[in-house]
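Protein chains in written order, with my numbering: chain A, 1 to 408; chain B, 409 to 927; chain C, 928 to 1230.
Hints are computed from structural coordinates only; laboratory data are not their basis.
Every clue listed holds true.
Computed cross-link-like contacts, DSS-like style, restricted to lysine-lysine with a CA-CA straight-line distance of at most 30 Å: (1) A:275 / A:170; (2) B:429 / C:1126; (3) B:479 / C:1126; (4) B:479 / B:429; (5) B:479 / C:1119; (6) C:1119 / B:429.
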Amino acid sequence: MHRARALVAITALLLAGCQAGAGAGATEKPSLLIWTGGGPGGEATQALGAIFARENGVDVNVQIIPEDLQTQFVTASQAGRAPDVVMGAHDWIGNLVQNATIDPLQMTDDTKAGYQDLAIKAVTFNGQVYGMPYTMNNIVLFRNTALVPDAPRSMEELVQKGTQLKSSGKAQEILALPVGPTGDPYHINPLFTSGGGYIFGTRDTGDFDPADLGVAKPGATAAYAKIRALGEGGAGVLKRSITTDNILSLFSGGKAPFMISGPWQLPQLQQTGVKYDISPVPPFEGGQPARPFITVDAAYVASRGDNKALAQEFVTNFWSRPDTGTALYTATSSVPALKEALATVRAGDPLVGKVSDAGVEFGQIMPSIPAMAVVWDPLGKAEAAVVGGADPASTISAAASAIQAQIK
Amino acid sequence: MRRKLGLGADGTASPLGLIIKIVVLGLVAAIAVWAAFPLIGTGNWLGLAVLLLVTAVIFSIYLSPRAIPAKYLIPGTLFLIVFQVLPVLFTLSTAFTNFGDAHRGSKDEAVAAVEGSSVQQVPGSTVYTLTIATDGEPGSGDIVFLLTDPATKAAFVGTADGLEPLNDATQNTDGKITEAGGYEILDIAEVSARSADIVEFSVPTDRGAIKNQGLSRAFEGTPQQAYDAGCDCVKDRTTGQTWTANDDDGLFVDGQGQALAQGWQVNVGFRNFAEVLTNPVIRASFLKILLWNLGFAFGVVLITFALGLLVALVLNKPGLRGQRLYRSLIILPYAMPAVAMMLVWRDMFNTDFGLINRLFGLDVNWFGSAPSSMFAILLVQLWLGYNYMFLVSTGALQAIPADLTEAAQVDGARPFHAFRTITFPLLLVALAPLLISSFAFNFNNFTAIYLVSEGAPFPPDNPQAGATDILITYTYRLAFGGAGAQYGFAAAISVFIFLIVATISIVSFRRTHALEEIN
Amino acid sequence: MAATDTLPATTGDETVVRLGGAQGGWFRQVGWRHLVGLLALAFSLFPILFVVSAAVNPLGTLSSSELVPTGASFENFRKLFVDTAFPTWFLNSMVIGLLAAALSMFVSACAAFAFSRYRFRGRRAGLLGILLVQMFPQFLLIVALYIMFAYVSDLWPAVGFNTRTGLLLLYLGGALGTNTWLMKGFFDTIPKDLDESAKVDGATHAQVFFGLILPLVTPILAVTGLLGFISAVNEFLIASVFLTDDDAKTAAVGLYGLVSEERNNNFGVFAAGALVLAVPTVALFQFLQRYIVGGLTAGAVKG
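Bound conformation, chain A alone (with noise of 0.2 Å):
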């Protein structure tokens, strides 16, 4: 498997090199470039670009952006040297769009029945379908089934298992979910919706409102007491030294029963031979659904790229590809947004169909609107200070007032 993915990677870089070789002065071959990020996901657009140039005739340049691919982007379409194509999260759109970097794509009902409603929900801003949905993440609940044979209904009952582990001795930490020094609002958004809170609204047209800031409702003092109640200075489910970084070895390594992660997991856990399962994150006993964040990963075809027809060929007509969609699972272990290749997944990899039920039933869409980009670190530290022992109430509506400013 590995090896196979290995040789379409250099048979890509070696076109990529015969094309770098031969660029100059002969008659031109037409030419997509594509950006995307690094990882699994990067290398597995370089292998996809090298099947579409076979196919098409034409010489695709994928370039592996490491650092802050979405400034990048803003950048060099500012400048005049924009790629054609861009890979990236749902949530860039807001940016994108205000800085005039991408164009809308107009998708046939029939394509768009195609995708999964949340996906196709996640790329739409101001009214218009802005990229083409490949891949879909939304975090769930690991448990060990070697100290854990069933998933725990609430999160009571989860904290009241893990307890019983930890003081037995055969665990040392109850729950592996990344808080870290300045905290993880992406990570506690299940806890923080299930205790009653939320952080935009949405108006009639599914749009976010960023007038509706539900920071700074009740319902997020609370959510936050509940929090809180978890914390350092309460059960010591949550703990800020419990970071991205600890989480799998963590829970690998058996001294934390449970993890609160997403399936970019999957592939790493399946080496370490620990017994585990899925299921969704739970809610509190009594309070609302617990909400995952949905993110989607999109192509987007760029404003200003030099061949936007091949560069719009390439995202409606091929990236929306079923075999497309299976291949970007594999490198990435990632829900494919397109049913047909959830459907494919799915009867090969129960796990992803887990992932992916959780987040039909109880996720809700990440904010892609610019304000959303105000508030993850406020929230955060925010989260940071009331688990180590800070009050909920001005703690949050500290947040709360600094957010706000900042929107304006």
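Got chain A; can you put chains B and C on it based on the hints?
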């Protein structure tokens, strides 16, 4: 006798010297010619004038009998001006604008983007199967769209004048037109070559226009929002809502003060500077942050220099066994990617799982209190930075003539006394500028804070000013933490930070007499 | 050996010897130096052990709770060389690092010579200016450089984006800087009588510089050369914007591409790459040290 310009004017007499000079000046001329062609080709006369001037200056300096210092300074100075001074000037110029996300381009670009992003498919209209063709030569003829209605297989030709039925078209099984009399069907390479024309092209219809979406599909769309030069506003066709241009802010704003997403860049005068001075958030925490910033920068210089010098002195004994290996391995931290190493260190300070607490049996929440967080940051910087000080001290120590210390010893001075009175002052003269520049670097050492503590701990009631924030991390949060990066505002902040650092540095120069020594 | 043992070194070591009141004892002579050296080594190398651990650990996470890897293999190194373009990146880094180091050392030494040996108008302002220009917060300059190079790339693609030459030129922008000061300080310690007498003998300024001064300052050339090499090889911010073609990337850019996504499992490969990349630096320093301990001190020993 006054010597004139010439290859040997400055006394270069050896054949080797002359040959080198000829080759180098020849290279300069060749590069100038090479660089001139594209400038001429694009009609960039200003650029050409600058190029000619620079070349002339280089020639006159190297052919002149005088201006000897300039011969040695010109290469570095050129690079410095182009790659350091010009970008600084550009940044300064943005401080007077609202340059940032949503305000990057011109008003025309904003208008085009508003209209373009409001194009919607006409309700109930056909999505055609498309073949792109030309009327005439593929390279130069007018673009036409050969269209098929997928439901009825009816064929049309769309030109800049409108849509007409097409009778003699050959279709493949998908309905795509593969041949039509009088039209040249473009292959993918030809389409790419005409890409700019195709972007411009659309087929006008009663309800809007037909545009292509990729190579094989076309739809009838119409922009929902259109700019009206008469009222200098954008109007929505269906709802009638209007957004009027506000040229002070570079935004289209409606009656309720809601703005369209796409704005443009405008000059704002000193507004950014005034904002820095009057921003209540900045004012509330400025002094506290400045104090720690100074403490951090001075502290890092002090401890890295102290440890670096100490180790350099200790290992600077001729004949010390393993000396080379010691030195090579001690600088290893400097050769590792700093970003990754800061993350490793951050992990080592983890309260429950970090190595430091476990090794020393502690239970310290390192980033939970101001003193411990500061300590952790300084320790990380000591590790990252003492190697540099070790390296330059090792180099500088070689410059101190041994006979000086020898003489002191003959005079009966005790070795430590000799070090303090002779070696150290000499070292300091050589290294003071480095120490000052290290201070300036650390004063703005963004990653040192951001990757280790992110400014933590933060007081629960103020998520914006952490106990270990320095000015640059703090203002970064203000300028880039909002709904898009505000480069103009950040540039204005940079000016203030620069003034602070430069003032301190110049005062330090005076104090260490480093500037006096340079005469 | 005897000669060096009695050589009055330039340092404060005799303090200890005198304080001890005797000339004897291996420890008092050199042993304590080894002790300090070993402590410094331990401090330097300890955090790097985590990188080593991650590099041989097939489960590629960054976590210091796992100093002892869960397994040991060279899988990450194999992936690094087979699955990524690391060999190309590494080669690019070496070419750019060595050229940038050599050229900026030369440019800097020229300027230091002018500042040290000549008195001219604007000298003080120039010296101060090259320090002050670098005190402007750097993080905003990337955008300016990008826009500038967008023009350059359109006009002269040969030195534009994704070219080694362009990046090299950019790095030379920093050649006049602290290193110039460091060299100038070193040049100042060489008595001016030396060049005066050479000039009396008919030497030109170029002969003084290349024939007389440069050979005397090899220690500082070696140090600045190494500093230049390290900073060019590890430079990431500018390079990541400048080099987007996979084949043009330096190792620093390429390696970060492996771990830039937060959700990734490539840290082990990254760690392996970081270690491989550190090898040339250490080797170069090993090699350059003969010039550091040469130079003036060597002359003094013979005298």
